[in-house]
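Chemist: Starting from the known structure of chain A, fit chain R onto it as the hints suggest.
Listed here are the chains, written in short residue letters.
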Amino acid sequence: MNTRGGHFNLPARLLHWTMAVMILAMLFVGVTMVASVQLRPMLVDLHRPLGIAIGVLALLRLYNRLRHRPPPLPADLPAWQVAAAKASHWLLYGLMLAMPLVGWAMLSAGGYPIVLWEGLHLPAIAPHTPSAYAALRGAHSVLAYLLFATVLMHVGAALFHLWVRRDGVFQSMAKGR
Amino acid sequence: MPLFRLRRDGGLPRTPRAHSPLPWLALIAVILGVAALTFAWLAGWIGNRLTTQRFTDAIEASGGPHPGFRRAHSKGVCVSGVFEPSAQARTLSVARAFSQARVPVLGRLSIGGGDPYGADNTARVRSIAVQLGTDDGQQWRMAMNSFPFFAVPSAEAFFEQTRAQRPDPATGKPDPAAMAAVLEKYPSAKAFQHWAKTAPWSTSWANTTFNGINSFWFTNAQGERRAVRWSWQPQAAFEAMDAAARASADVDFLSADLRQRLAAGPVRWNLVVTLAGAGDRVEDPSVAWPQDREQVVAGVLSLDHMQPQEAGPCGELNFDPLILPRGVRGSDDPILAARSAVYSQSFNRRERERAKGLTERAPEGAR
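Sequences listed follow chains A and R, in order. Positions 1 to 177 (this note's numbering) are the ones given, in order, by the first sequence. Positions 1 to 367 (this note's numbering) are the ones given, in order, by the second sequence.
Misleading hints may appear alongside valid ones.
Unchecked claim - Away from chain R, derived, C-beta distances all over 10 angstroms, residues of chain A:
hint, residue
1, P11
2, H16
3, L50
4, L73
5, W80
6, V115
7, H128
8, V142
9, T150
10, A174
11, K175
Unchecked claim - Residues from chain R that face chain A, not an exhaustive set, calculated with beta carbons under 7 angstroms:
hint, residue
12, W24
13, R326
14, S340
Since the hints were made in silico from the structure, they are not lab data. All C-beta atoms, glycine included, are put in the ideal place defined by N, C-alpha and C.
Next up, chain A with everything else stripped away, as it sits in the complex (with noise of 0.2 angstroms):
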């Protein structure tokens, strides 16, 4: 039953779904690689191209956001549903993009080369500061589990609204016209 029209529009969902994907994957890769005693290496190498990639599409979807207006949500949507999904979206937003930059600062504070790969690095974006890495590592764990509580509200509230709703809400991220 969709009950209302509108979508977002095409670059809005290849970039909703593919860094829905990404930034999955980086919130189990970060905490797996913090814990693990074998598999760190291997995910750090994964972990920080896969951030730096995260950090470029996130501001592409904001400026893709702030040019095309998303569609209305449902009339009958009560106020402080409204209000939570405003306010978890642009949390959503302001995480995608600081958690690539606090990892990249924390890097540069901790006095750590920040490779991309094997022969790409990027240059340090804050001085060698102990007392700054310090703040910068515990930021970056916070601000992941922060991600990772926000993403689980999102997935909930858009399986309520395919599923117990059923407003369209779901559908105006997931197809195309």
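Modeler: This is chain R only, laid out in the frame that chain A set:
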């Protein structure tokens, strides 16, 4: 939906009945719950698998808490100097450090154990860490030890060995039965103990050979890959230090000796690269390669300055042996991966402690 549900007028409902949201809500809860639990398990928050955090906790438990310092090889001095590659080096690897005439080096000379104010004269293991920083911005970090092979072959064995070194609260000493069990289980641990008991001690960091222990892969300009191990072999002649000399030596004799040597000029080591032969164990650091393997002197390390680690740059670096330049790759040695993981955790913990101003001060009377 009930099969028979007649309306008052006897007909079947015409409009679709509102679906019950409960099964759908349950399904959503299950999906989110599985995702959250998987995340928590991977993070090590639930379950009891060996994680980097538990490994680092075990290392901390085998000594006292020493906030603000490395969890292992905690006592050391910062050093600096230069690496000059030999002409043969570039035939082995395209690493920039093998083609740049002079590569600046930051490093650290240290002793084994977790006490940042421990005694040099009772530390069986000595170590060196270096960072070669080339003009293209790449870095090559190495962390090497005075023993010739690793005591255990796997991360699990390394963890068991670390746990066995944990002091028993009753006696204040490690449980001999736990250590005996590790020695029994791992022949290399027994061989390591034999090395520790019989190999002569040297009088200085400057006449100690440091071994990379783990294997790496070199790639040269022709694209040829070779499994290698490397050592720093001192240019200073070996001098043995017997038990009586050690007993009377000062707890800081290694740094005093180095200071004296540096006053007279740079202290040098040759980088000796050993190429794996057919059948050599690349992934097992507990087995030394045979003595007759082809070796190449890839360059000379000259150290000319030292600084206390509290004041020098080495304290704020993680000498992760998997920070490598193009032309060098880590092998699949599980100890190499475990070192990289635990060093990172150790670095995070000590930098946090230092940022909070918790760094342990030198005991009264020390330095």
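Chemist: So, for every hint listed, does it hold in this structure?
Modeler: A quick look at each hint next to the structure:
Annotated as non-interface, A:P11 keeps its C-beta farther than 10 angstroms from every C-beta of chain R; the closest such distance is 27 angstroms. A:H16, annotated as away from the interface, keeps every beta carbon of chain R farther than 10 angstroms; the closest lies near 18 angstroms. The beta carbon of A:L50 sits about 16 angstroms from the closest Cβ of chain R, which is more than 10 angstroms, so the claim that it is off the interface holds. The beta carbon of A:L73 is kept farther than 10 angstroms from every beta carbon of chain R, the shortest such distance being approximately 19 angstroms.
Consistency note on A:W80: stated as away from chain R, and its beta-carbon is indeed over 10 angstroms from all of that chain's, at 18 angstroms minimum. The claim that A:V115 is not at the interface with chain R is violated, since a C-beta of that chain comes within 10 angstroms of its own (minimum 8 angstroms). Distance to chain R contradicts A:H128 as a non-interface residue, since its nearest Cβ pair spans about 7 angstroms, not more than 10 angstroms. Every CB of chain R is more than 10 angstroms from the CB of A:V142 (nearest about 13 angstroms), matching its label as outside the interface.
The Cβ of A:T150 sits about 12 angstroms from the closest Cβ of chain R, beyond the 10 angstroms cut-off, so the non-interface label holds. Look at A:A174: its CB is around 16 angstroms from the nearest CB on chain R, clear of 10 angstroms, so calling it non-interface holds up. Listed as outside the interface, A:K175 is consistent with that label: its C-beta sits roughly 20 angstroms from the nearest C-beta of chain R, beyond the 10 angstroms cut-off. A cut of 7 angstroms between beta carbons decides the hint on R:W24: the least distance to chain A is about 4 angstroms, and the hint holds.
At a threshold of 7 angstroms, the smallest CB-CB gap from R:R326 to chain A is about 4 angstroms, leaving the interface hint in force. For R:S340, the interface hint holds, the least distance from its beta-carbon to any beta-carbon of chain A being 6 angstroms, beneath 7 angstroms.
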